[in-house]
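So you can see what is in the structure, the chains are spelled out below.
Number of protein chains: 4
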Amino acid sequence: MEGHGYSGHRDDYLKRLRRIEGQVRGLQRMVDEDKYCIDILTQISAVNRALESVALKLLEEHIGHCVAGAVLEGPEAAEAKVKEASEAIARLVRS
Amino acid sequence: MEGHGYSGHRDDYLKRLRRIEGQVRGLQRMVDEDKYCIDILTQISAVNRALESVALKLLEEHIGHCVAGAVLEGPEAAEAKVKEASEAIARLVRS
Amino acid sequence: MEGHGYSGHRDDYLKRLRRIEGQVRGLQRMVDEDKYCIDILTQISAVNRALESVALKLLEEHIGHCVAGAVLEGPEAAEAKVKEASEAIARLVRS
Amino acid sequence: MEGHGYSGHRDDYLKRLRRIEGQVRGLQRMVDEDKYCIDILTQISAVNRALESVALKLLEEHIGHCVAGAVLEGPEAAEAKVKEASEAIARLVRS
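Residue numbers (full-length UniProt numbering), protein chains in the order written: chain G, 1 to 95; chain W, 1 to 95; chain F, 1 to 95; chain H, 1 to 95.
Please note: incorrect hints may appear among the correct ones.
Each pair may be met inside one copy or between any two copies, as identical chains are not told apart.
Only pairs whose alpha carbons sit at most 27 Å apart, straight line, appear in this in silico DSSO-like list of lysine-lysine [stated by the list, open to error]:
{"no.": "1", "residue 1": "Lys35", "residue 2": "Lys57"}
{"no.": "2", "residue 1": "Lys83", "residue 2": "Lys57"}
{"no.": "3", "residue 1": "Lys15", "residue 2": "Lys57"}
Hints listed in this document are in silico derivations from the structure and should not be mistaken for laboratory results. None of the values given here were measured: they were computed from a predicted structure.
Take the sequences, apply the hints, and build the full model.
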């Protein structure tokens with residue numbers, strides 16, 4: 001299978017990641033301006049959720065493209081890809 | 001595809017879930033004996049992690065069996081199963 | 001300070017923990033009856049959230065009682081209790 | 001109580017947030033260069049953990065400074081600050 005599940009719409013991912021980059025710079029401004037801790041914490045949770053959404057979308061497309069491609073290839077390729085995807089899911093659940 | 005990814009070794013899952021049941025009863029004893037809050041919180045985190053391990057194993061077997069089976073069936077079945085699995089992953093990440 | 005933040009209403013915690021124990025037994029039944037993986041995963045996320053709610057309530061009462069008590073005792077006692085509570089929060093965030 | 005718990009060492013927070021900003025730009029490069037999904041997912045988990053560390057440190061200092069200050073002020077101020085901090089912890093646990 002050519003490319004990755006997300007290859008066809010990288011712009012969407014880039015747009016979302018640039019927004020997240022802007023949010024992180026916003027956190028820097030809040031610290032610089034000595035904003036109230038709770039407001040900064042609220043914003044950090046928002047950035048975390050935005051990152052998780054990107055990861056969950058990427059994961060869905062990876063399973064639907066790369067893992068599915070390995071399944072069509074054969075059991076051995078499928079097993080390796082499923083294990084790899086499961087390890088990525090575990091890291092996401094525990095981060 | 002017959003049964004589910006986990007069907008072949010339900011005993012292992014039952015054993016782990018019974019252990020978790022015992023841990024939850026242990027939490028009840030700690031509360032009953034007025035144990036220190038932090039010790040109870042530490043035990044709750046341990047039960048959470050044990051539950052997550054069961055979920056991650058179940059997910060891996062679901063992707064390798066049910067989702068893979070749908071992929072072999074065809075694109076439409078695959079897309080539905082991938083979407084369903086991704087929603088389960090999102091619930092796990094956000095719980 | 002006598003007892004812990006939760007000491008005054010242990011029954012509420014015991015009731016919630018017994019319900020969670022019942023949910024974990026429900027998971028065992030689902031596995032025993034070879035239920036669909038996604039349904040079991042959905043139920044595991046629900047048990048996780050129920051456990052987290054117990055932990056968050058316990059934490060709030062610990063901060064309001066034990067940590068606050070240490071603050072009134074003096075800086076040294078306060079610092080130790082704050083550090084201990086923060087480590088419990090970190091375990092919860094990462095479980 | 002003057003300022004916030006973190007006010008005395010904002011540089012440390014700024015340095016960590018700038019590093020996170022750089023990591024998010026790194027994610028953009030990975031997408032741009034069509035890197036493998038799993039590698040991007042691994043990096044997202046790393047950024048999540050870095051953000052969580054900032055949040056956990058900020059929380060510890062908030063409890064030790066702002067919440068402690070409210071405790072010394074009196075029960076009413078303490079209760080409000082404890083509730084506010086607990087809600088921030090819940091958002092962090094669930095993000």
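Hints the structure violates: just list their numbers, smallest first.
-> The structure breaks none of the hints.
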